[in-house]
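Chains as they are written, first to last, in numbering that gives the first Met the number 0: chain A, 0 to 268; chain B, 0 to 372.
No lab work stands behind these hints: they were computed from the structure.
Some hints here could point you the wrong way.
In silico DSSO-like cross-links for lysine-lysine, where the CA-CA straight-line distance does not exceed 30 Å [what the hints assert, rightly or not]:
{"hint": "1", "chain 1": "A", "residue 1": "Lys140", "chain 2": "B", "residue 2": "Lys132"}
{"hint": "2", "chain 1": "B", "residue 1": "Lys132", "chain 2": "A", "residue 2": "Lys118"}
{"hint": "3", "chain 1": "A", "residue 1": "Lys124", "chain 2": "A", "residue 2": "Lys203"}
{"hint": "4", "chain 1": "A", "residue 1": "Lys238", "chain 2": "A", "residue 2": "Lys58"}
{"hint": "5", "chain 1": "A", "residue 1": "Lys232", "chain 2": "A", "residue 2": "Lys58"}
{"hint": "6", "chain 1": "A", "residue 1": "Lys118", "chain 2": "A", "residue 2": "Lys238"}
{"hint": "7", "chain 1": "A", "residue 1": "Lys175", "chain 2": "A", "residue 2": "Lys203"}
{"hint": "8", "chain 1": "B", "residue 1": "Lys236", "chain 2": "A", "residue 2": "Lys124"}
{"hint": "9", "chain 1": "A", "residue 1": "Lys175", "chain 2": "A", "residue 2": "Lys18"}
{"hint": "10", "chain 1": "A", "residue 1": "Lys79", "chain 2": "B", "residue 2": "Lys236"}
{"hint": "11", "chain 1": "A", "residue 1": "Lys76", "chain 2": "A", "residue 2": "Lys58"}
{"hint": "12", "chain 1": "B", "residue 1": "Lys236", "chain 2": "A", "residue 2": "Lys141"}
{"hint": "13", "chain 1": "A", "residue 1": "Lys58", "chain 2": "B", "residue 2": "Lys132"}
{"hint": "14", "chain 1": "A", "residue 1": "Lys65", "chain 2": "B", "residue 2": "Lys207"}
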Amino acid sequence: MTQNSENNTMNATPLIEMKNIEKHFGSVIALAGVSVNVFPGECHCLLGDNGAGKSTFIKTMSGVHKPTKGEIYFEGKPLKFDRPRDAISAGIATVYQDLAMIPLMSVARNFFMGNEPVKGVGPLKFFDHQLANDVTMTEMKKMGINLRSPDQAVGTLSGGERQTVAIARAVHFGAKVLILDEPTSALGVRQTSNVLATVDKVRKQGIAVVFITHNVRHALAVGDRFTVLNRGKTLGTAKRGEITPEQLQDMMAGGQELATLEGSLGGTV
Amino acid sequence: MSETNIDAIQDERVKQRSKFREALVRPELGGIVGTILVFVFFLLTAADSGMFGLAGTLNWSVVSAQFAIIAVGACLLMIAGEFDLSVGSMIGFAGIIIAILSVQLAVPMWLTIILTFMLCISLGAVNGWLVIKTGLPSFIVTLAFLYILRGLTIFAAILTTRKTIIGGVKDVAEGDWLASLFGGKVFTGVFTWLGENGIIEVFERGNKKGLPVVEGVPMLIIWAIILIIFGHILLTKTRFGNWIYASGGDAQAARYVGVPVNRVKILMFMFTAFCATVFATCQVMEFGSAGADRGELKEFEAIISVVIGGALLTGGYGSVIGAALGALIFGVVQQGLFFAGVESSLFRVFLGVILLLAVILNTYIRRMITGER
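Next comes chain A alone, as it looks inside the complex (with noise of 0.2 Å):
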C-alpha cells in the first residue's frame, strides 16, 4: 500500500489541492494558511487538537464555509464552492460523526436520502422501493454488515455500523473524496476496528479519504500521509514510515508541554 500511494504522489496530480487557505471570521483568524493536498486511493489523516482548525477545514473543502484566501483545485482545476451541494455534486462526499444518519428512518431510506431512486412515467413519479431495497442489502453486504431487513430502522444499528452506512452511502454515490470527520472518536474498539477496515476498502477503490482525527493510533493503522494542524497552520506533512507515533503527539500538541507529561503518563496517551 504504501509503496502504490508513493507511486500515486510520483506520478499523478492531486485529486484535490487545497492552497494557503485562510479563513477568517471577523477578527478571529480560524485558518492561517493551511495546505494539503490528496491523490487518489489515499488516506490522508488530518491531526490536531481541539481548536486546531480541522473542523473549520473540512468545512472549507465541503463547500460549507467559503475560504477568506486561498486557491481550491479539484482534479487540476481551478474550482469554488457556493454551498454544500456544489462539493457534493462534484465528488467530495463529507460524513459527520453525528449527523450521518436520521435513526428514526429505515436503512434503505437513510441510504438513499437526497437521491431516491423514482420509477413512473410522466410527472408520475414514485420512489422505487424494490431497487432502493436491493441495492442497500447489496452494499451493506460489501461493507460486512448484515441487516435483518432494509427496513430496519437505522437507531437498532451501532454507531460504528452507522458510520459505516453512511461511509458506502458516499461511495455509492460517486464520491471521488471522503471527507470523513473524527469518525471513531464515539466509538468502542471493536466498532473503531470496524470503520478503520472500511476505510482501507474504500480507498482501495481509488477513492482519495481525509481522515480527520485527534487519535494517533487511529490515523496510524491506516493512513498514507500525516498533516498536522496547530492553531491554524500546517506544522508539516508525512508520510507513513517516516514518523513515529510520539512525534506526531508531540506535534499535535505543540511539542513541549506534552514531552513533559509523558513521562509520568508512561506513553499511555
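Following the hints, complete the assembly by docking chain B onto the known chain A.
Coordinates of chain B only, in the frame set by chain A:
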C-alpha cells in the same frame, strides 16, 4: 478480522423476531387497536340505538371525515417536524372570507372559492416562512397566528355585517359548479334506487316520504378519502415523502445530503392550510353560513388524531393511515356517546383517556421499531 467473523458476532447479538411480531410492529398499530376497541365498545353498548344503521353510520362518518381532513394536513406537517396551531383559526377565517366575498361583495362563487384557497394557502406559506426564517419553534409562531387570524376573522365579520355569523351562502352557491364539489352529494341515484327497491330504509311520512333516509354520500367524505389516499401515497411512495421524513427526523443531517428542508417544511405548512380551507368550504356549503367562531379547538383535535395514529410529536415518524384511524376513533367516540345516551360532557374524559393510552402504546411500539433504549 475476517468478515464472516464479524457477521457471526453480530448475528448472535441480534435476537430473531417472529413474523407475527414483525407484522405487529408498525406505526398504525395503536390506531388499529383503538379502532377495534371503540367499535366493540359501541356495538355492545349502542347497537340498538341506530348508531350502526344507515343514518347513524352517515352521522359518525361525516364527523370522522371532518377530523380526517384536517388530520391529514397536521400529520404530514408533524412528520416534517412542525406544528400548526392556527388550523382552527384558519377554518374560521376561510369561512368568513367565503361569506364576505360571495354574499357581501357578490363575487361569483367559483371565483370566491379559488380566491379563498389562494389567500389561505399564502397565509400557510407565511407561517412556514416565518418559522424557517426566524428559527423559532413553530409552536410559538403558529400560536401567534391562532390569535391574529381569529381576531381578523371577527373584525372582518363585524366590519362588513355587524354580525359574527354571515348567512345566505346557500342562495349564492346554488348551481355553482365549484361549490357543488364541496357541498354536494354523490351517488344519489344509487341511494334512490336502493330506497325504491326496499334495500335501505326510506322515510315513512312527512314531505320526504318514500325518499331514502340517506340521500347520498356527502362530498366531505369524498374529500377525506381523497386526501387520505393522496397523503399516504405522497408520504410512503414518493421521493418527496422521504424528504418529509428526513426533514422531521433530523433537519441538519437532511440538509447535508442535499434535501431541500426549508422548501419541504413551507410546502407542508401550505398543505395544512389547504386542508383547513377544504374543511371550511365544505362546512360553509353545508350550513349555508359562516361563523367567526367556527373551527375553535380544531387544531388540537387534529393533533390528537395524529398522535393517536402513532405519529411522534417531535417529527420524523408517523403514518397518514394511522392519523385517519385516529380521526375515525375521534368521530365514533364523539357521536357514539350521544347514541349510547351517555352524558356528553364525559366525551372529553373518554377522549383524554384514549389519548393517554394511545401515546403510551405508541411509545412502546416505537421503541421496539427503532431500538431506542
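Numbers of unmet hints, in rising order: 1, 2, 3, 6, 10 and 14
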